[in-house]
Amino acid sequence: MVQETGKYTVITGASSGIGYEAAKAFAERGKNLVITARRRDNLEMLKKEILEEHSDVDVVIRSTDLSVPENAYQFYEGLKDYGIETWVNNAGFGNYDSVADQDLGKIGVMLHLNIEALTILSSLFVRDYKEVDGTQLINVSSCGGYTIVPAAVTYCAAKFYVSTFTEGLAWELKEAGAKMKAKVLAPAATKTEFGMVANNVSEYDYDKSFGTYHTGRQMAGFLLELYDSENVVGMVDRESFSFRLAEPLFPYAGNSSHNQQRM
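Each residue of the sequence shown is one higher than the one before, starting from 1 at the first, in full-length UniProt numbering.
These are calculated hints, taken from the structure and not from any lab test.
Derived EDC-like pairs (lysine to aspartate or glutamate); straight-line CA-CA distance at most 20 Å:
{"id": "1", "residue 1": "K47", "residue 2": "D58"}
{"id": "2", "residue 1": "K31", "residue 2": "D228"}
{"id": "3", "residue 1": "K80", "residue 2": "E131"}
{"id": "4", "residue 1": "K174", "residue 2": "E247"}
{"id": "5", "residue 1": "K191", "residue 2": "E203"}
{"id": "6", "residue 1": "K7", "residue 2": "E131"}
{"id": "7", "residue 1": "K48", "residue 2": "E28"}
{"id": "8", "residue 1": "K179", "residue 2": "E247"}
{"id": "9", "residue 1": "K24", "residue 2": "D58"}
{"id": "10", "residue 1": "K31", "residue 2": "E53"}
{"id": "11", "residue 1": "K24", "residue 2": "D228"}
{"id": "12", "residue 1": "K7", "residue 2": "E28"}
{"id": "13", "residue 1": "K191", "residue 2": "D237"}
{"id": "14", "residue 1": "K174", "residue 2": "E85"}
{"id": "15", "residue 1": "K7", "residue 2": "E77"}
{"id": "16", "residue 1": "K130", "residue 2": "D81"}
{"id": "17", "residue 1": "K48", "residue 2": "D58"}
{"id": "18", "residue 1": "K130", "residue 2": "D228"}
{"id": "19", "residue 1": "K7", "residue 2": "D81"}
{"id": "20", "residue 1": "K179", "residue 2": "E131"}
{"id": "21", "residue 1": "K31", "residue 2": "E52"}
{"id": "22", "residue 1": "K31", "residue 2": "D81"}
{"id": "23", "residue 1": "K47", "residue 2": "E28"}
{"id": "24", "residue 1": "K174", "residue 2": "D128"}
{"id": "25", "residue 1": "K106", "residue 2": "E116"}
{"id": "26", "residue 1": "K130", "residue 2": "E77"}
{"id": "27", "residue 1": "K130", "residue 2": "E172"}
{"id": "28", "residue 1": "K174", "residue 2": "D133"}
{"id": "29", "residue 1": "K106", "residue 2": "E70"}
{"id": "30", "residue 1": "K179", "residue 2": "E230"}
{"id": "31", "residue 1": "K130", "residue 2": "E230"}
{"id": "32", "residue 1": "K24", "residue 2": "E53"}
{"id": "33", "residue 1": "K191", "residue 2": "E239"}
{"id": "34", "residue 1": "K7", "residue 2": "D56"}
{"id": "35", "residue 1": "K24", "residue 2": "E52"}
{"id": "36", "residue 1": "K174", "residue 2": "E230"}
{"id": "37", "residue 1": "K31", "residue 2": "E44"}
{"id": "38", "residue 1": "K208", "residue 2": "D97"}
Please put together the full structure from these sequences, using the hints given.
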C-alpha cells in the first residue's frame, strides 16, 4: 500500500532538455518532484534552480542508469513511500546511421532505455495507480514514432513501440473504466543534447541541421497542454512544426470478431 506523503510528479531523463524544462514547468504549478537521470550534478543544479523560485516544492533526486533493467525496478521500488500523481517517461536517446553501419552496442543500450525501461516503469505505475483519481502516465515518443525517418530507422522503430504501446494502454485503461490516463508526446526536432548523442559528436548546430526546431522549454509547454487535455496524443507536425492534440492515431481492433476471446 502506498504511504501518502504528498503527491509527486516523476520525471525520468531530467538532467537536460525536455525533462529538465518539464520539471521546472511542473514546479511552477506547485508540483512536488522526483527527478532522475545518470548525471547527479545536473539534477542538483536543476533542484537548486527550482528551489530558488519555488521554495515550497519538494524535489527528490534519484541518480540512476535506467538502461540497466534491474535499475528500473530498483528505482520504482525506491519510491514506495511517495504518492505519485503523474509519471513522465522522458529518458531516451537517438541514433543516426544506416542499419548496416549502426553501432550495435549503442543500439542495445538505446533499446534497453527507450523500450525496456519505459515498459517496466509504465507497467509498474499502472499496476499500482490505475484506480487512483487524477493519475497520468505520459510517455515521450517522437514524430519519428509515427513516421519513418531516413538514417534513423532503428530509432523510429523504437519510438513506434512507445507510440503504439502508449496508445494501446490508453485504450486498455479506457475500456477497463480505470481512473488513470495514458498519453504520448511526440516532439519533432528539439534543441537539446539529442543531436550530439544521436550523431556521436561533441558539438551540434541545430540551425545548420534543421533551421526550424523547438526548444526544450517550448516542448515542456506542449507537454503541459497534453497534460491538461483529455486527448491521448500531443504531436508536433514534422513539416510545419505546429503542435496539435489528437485521439489515438493507430488502428485499434477493439471490436474485431477475430480477437482472442477472454477465458
